[in-house]
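Engineer: Sequences listed follow chains A and B, in order. The first sequence begins at 10 in my numbering and counts up by one. The second sequence begins at 29 in my numbering and counts up by one.
Hints are computed from structural coordinates only; laboratory data are not their basis. Glycine residues also receive a C-beta, built at the ideal position from the N, C-alpha and C atoms. Certain hints may be false.
[Unchecked claim] No more than 25 Å apart at the CA atoms, straight line, and that leaves these computed lysine-lysine pairs for BS3-like:
| id | chain 1 | residue 1 | chain 2 | residue 2 |
| --- | --- | --- | --- | --- |
| 1 | B | K166 | B | K178 |
| 2 | B | K127 | A | K40 |
| 3 | B | K178 | A | K51 |
| 4 | B | K127 | B | K166 |
| 5 | A | K32 | B | K451 |
| 6 | B | K162 | B | K127 |
| 7 | A | K51 | A | K84 |
| 8 | B | K247 | B | K178 |
| 9 | B | K451 | A | K40 |
| 10 | B | K178 | B | K162 |
| 11 | A | K40 | A | K51 |
| 12 | A | K135 | A | K159 |
[Stated by the list, open to error] For the chain B half of the interface with chain A, some residues (derived, Cβ under 8 Å), not all of them:
| id | residue |
| --- | --- |
| 13 | L61 |
| 14 | I62 |
| 15 | W65 |
| 16 | W128 |
| 17 | D134 |
| 18 | R135 |
| 19 | V136 |
| 20 | A433 |
[What the hints assert, rightly or not] Derived coverage of chain A by chain B (criterion: at least 3 residues anywhere in the stretch with Cβ under 8 Å from a Cβ of chain B; other residues may be distant):
| id | stretch |
| --- | --- |
| 21 | 75-86 |
| 22 | 148-157 |
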Amino acid sequence: MDHGHAESPRAAQDEQELTLGEKLFLRETIKGMAIVARHFWKNLFGFRDNTTEVLDRKGTGVNLVTTINYPEEQKPYPPGYRGMHRLVPRVDGRPRCVACYMCATACPAQCIYIEAGEYDDQAIEKYPVRFEIDELRCIVCGFCVEACPKDAIRMDTGTHAPAVLSRPLAVFDKEALLGGAPVELSSDSMTYRAPLKTVAPMGSNEGGKKMGGH
Amino acid sequence: MDATLTPSSRLASSDIPTAVPVKRTVGNWFGWLIGGWAMFFAFLFGLSATMLGVVRLFAGFDEKKNSVGGTWEGVGNILILMLVFVMILATLLTMADRKWSAMMQDRVGPNRARLPGIDSPLAGLPHIIADVLKMLFKEDFISDGAARQKLLFNLGPLLAFGPAFCLFAVIPMSPEVFFFGKRISLQVLHVDWGILYVFALASIGVFGTALAGWSSDNKFALLGGLRASAQMISYEVTLGLTLVGAFIAYGSVRLDVMSELQGATEAAIRIGGSDPTLFFGWLPAWGIFMQPLAAIFFLTAAMAEIKRTPFDTPEGESEIIGYYLEYSGLKSGLFLIAEYVETVVVAGIVTAIFLGGWHLPWIEPALCSVLDGLWHGNGAALLAIFQVMGFIIKVLLVIWVMFLARWALPRFRYDQVMHLGWKMLLPASLANVIISAAAYLAGGREAMAMVGLVEIVAFVGYVAFWGKKPAADAPDAHGHAADPHAAPASH
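Just chain A, with the same shape it has in the complex (with noise of 0.2 Å):
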């Protein structure tokens, strides 16, 4: 349109380019319209399929919006997700932890703080009095659940360490990391004796310490 830029053999070239219907503008404005208008129709009309991929949004009747409006809606994460860790329980109740310090010792970060307690009267001898995580410090690499003989350490929770507004807060104790589904494993019967007392009797100490959490 402009011939002040003739002279330039790019300009000239571009305006060579250009065909007179396509200079007019008209067409070009329409079919950016239309293209507009599809997708205002197809958004307006098609229901929302939120729960495939977002490549696969593109079947007949679904609307193009990708959005997922997160505090509302939220997406599972991937199965192999590393998510938030757990203690994971036995069918009783008491986590599978044994105390072994594997998974502090694995640590990277350094955020696995364990005591180690010992039972009276189980076959199990040591459990953790203590057990707490520093979500902050946590790299989220998995190596302590590599490193569990006892498969007692997971990180299956399929959700993320959650914001919190003070430091200690992100600190997670025993009770508040011993949680979901109880695991049993074949090798574990081996590890169920009769308890030591009906050998030789102690007393009435029954149950032995006090186990925390549950």
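Using the hints, position chain B against chain A.
Structural biologist: Just chain B now, with coordinates in the frame of chain A:
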């Protein structure tokens, strides 16, 4: 540590979201579709009936029985048309703009604001209340430079909003009709100067932007104000010239006369049969069929006149911000709402001149006789409700097209705006005047419709086929000489 703040209690509380898989919403989709549109049309019907009813109520205070335009009828019209219809529609448009643009761009759009007690976004409607409250309660800040011309500074938004608000007065929304014993029409001003009033007041709007730009004592605002005034003055020329063809066709500048001529009169509807005003017996006598290119030019020029995107050079956020740069609070809000009011007005003018006004195509006599059967003797009054409804739907459609253009097209550069206005639209509309006048002299309105149909065919052919060929082919060899308005634009 506080008992309520232990990590375990925190974890147990609902504060931590658990991932709930979202559900497919296909189940109630169809119901919403049908129910939503039914509710929409029921609402429009109720709105039309209410508008006519209120005006009838006010007209009842008048002494005169059988002529429109009494004082009280005018008061009722001002109330119902300008204060309710235009202002409510403009307010809704602020939201529609954001929500429709979201739909055009595959987004969700605003949905965070909630009414108390209702845990639903309600399609973003509560955002209107939030926006208005924000505008009302923001600090009305006046900079030192602007404080020196405080009067002019305050006059700016008033002169931008006031004329825009008054424009709707001449736009007819319903025919003159006996509505339950009184002859009324939904039009504030029944004056002979009709559309000239629109041109006059629209040019007053230039003062608003120019004053705002100058009195803000800000270089960017001044640039915006200068651009706005230059653009508005330039496009007023085109705006007037594009309508000359329509003036020739209708022989009047009254918008109500123009609307009336685009369909059967009340008496003809009463007689029944087919609509006698149809062109060639089948085409509605709408302006867009007589002046298709003028309709496009007018819509383009009007969008430039009201500074809507893609012609929003006076308010480029990334370069000069705009003439309202120094305004805050409700004054800034006045500038923004003026734009939407002008959108409504332009849509009303386009509807009244080019889209048949209140007329429903083809079905008016049949619908009238059906309604007469339903409520004996009141067919025309009931038909008027449908006609007002048709007018509103047409207005909404034009507004939608304007918003479509806004969100589809890139912004013009300032020199391109001027180029389009002076070197393309102005000669094209002059050519349109000549051709329209020649056609009218040759064979009246039917000949204009013939030319219009040829123009439409040429335009569709141009859109569908032309411009795809490589530049080596001479474009003029494609037999599109029938499109007379292409010539001035192609140097």
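Engineer: A separate judgement is required for each hint: does it hold in the structure or not?
Structural biologist: Status of the hints after comparison with the structure:
The suggested pairing of B/K166 with B/K178 holds, with an alpha-carbon distance near 19 Å, which does not exceed 25 Å. Using a Cα cut-off of 25 Å, the hinted pair B/K127 and A/K40 holds, with the two alpha carbons roughly 22 Å apart. A C-alpha spacing of about 49 Å is found between B/K178 and A/K51, which places the hinted pair above 25 Å, so the restraint is violated. In summary, the hint linking B/K127 to B/K166 is supported, as the alpha carbons are separated by about 24 Å, within the 25 Å threshold.
Using a Cα cut-off of 25 Å, the hinted pair A/K32 and B/K451 holds, with the two alpha carbons roughly 14 Å apart. For the hint linking B/K162 to B/K127, the alpha-carbon distance of about 19 Å falls within 25 Å, and the restraint holds. Between the alpha carbons of A/K51 and A/K84 the distance comes to roughly 23 Å, so the proposed pair stays at or under 25 Å and holds. The suggested pairing of B/K247 with B/K178 holds, with an alpha-carbon distance near 17 Å, which does not exceed 25 Å.
Restraint check: the Cα-Cα separation between B/K451 and A/K40 comes to about 23 Å, which is no more than 25 Å; the hinted pair holds. Distance check on the hinted pair: B/K178 and B/K162 sit about 23 Å apart at the alpha-carbon level, within 25 Å; holds. With a C-alpha separation of about 17 Å, the suggested pairing of A/K40 with A/K51 holds against the 25 Å cut-off. Annotation: proposed proximity of A/K135 to A/K159 holds, straight-line Cα distance about 12 Å (limit 25 Å).
With a cut of 8 Å, the hint placing B/L61 at the interface with chain A holds, because the nearest CB-to-CB distance is about 7 Å. For B/I62, the shortest C-beta to C-beta distance to chain A is roughly 11 Å, which exceeds 8 Å, and the interface hint is violated. At about 10 Å, the closest approach between the beta carbon of B/W65 and any beta carbon in chain A exceeds 8 Å, and the interface hint on this residue is violated. Using the Cβ-Cβ criterion of 8 Å, the hint placing B/W128 at the interface with chain A is satisfied: the shortest such distance is roughly 7 Å.
Given hint, B/D134 at the interface with chain A, holds; its Cβ is 4 Å from that chain's nearest Cβ, closer than 8 Å. Of the supplied interface hints, the one on B/R135 holds, with its beta-carbon coming within about 6 Å of a beta-carbon of chain A, less than 8 Å. Because the beta carbon of B/V136 sits about 5 Å from the nearest beta carbon in chain A, less than 8 Å, this interface hint is met. Look at B/A433: its Cβ gets to within about 6 Å of chain A, closer than 8 Å, so that hint holds up.
For the stretch 75-86 of chain A, the stated coverage by chain B is satisfied: 10 residues place a CB nearer than 8 Å to a CB of that chain, which reaches the threshold of 3. Coverage of the stretch 148-157 of chain A by chain B is violated in this model, with 0 residues showing a Cβ closer than 8 Å to a Cβ of that chain against a need of three.
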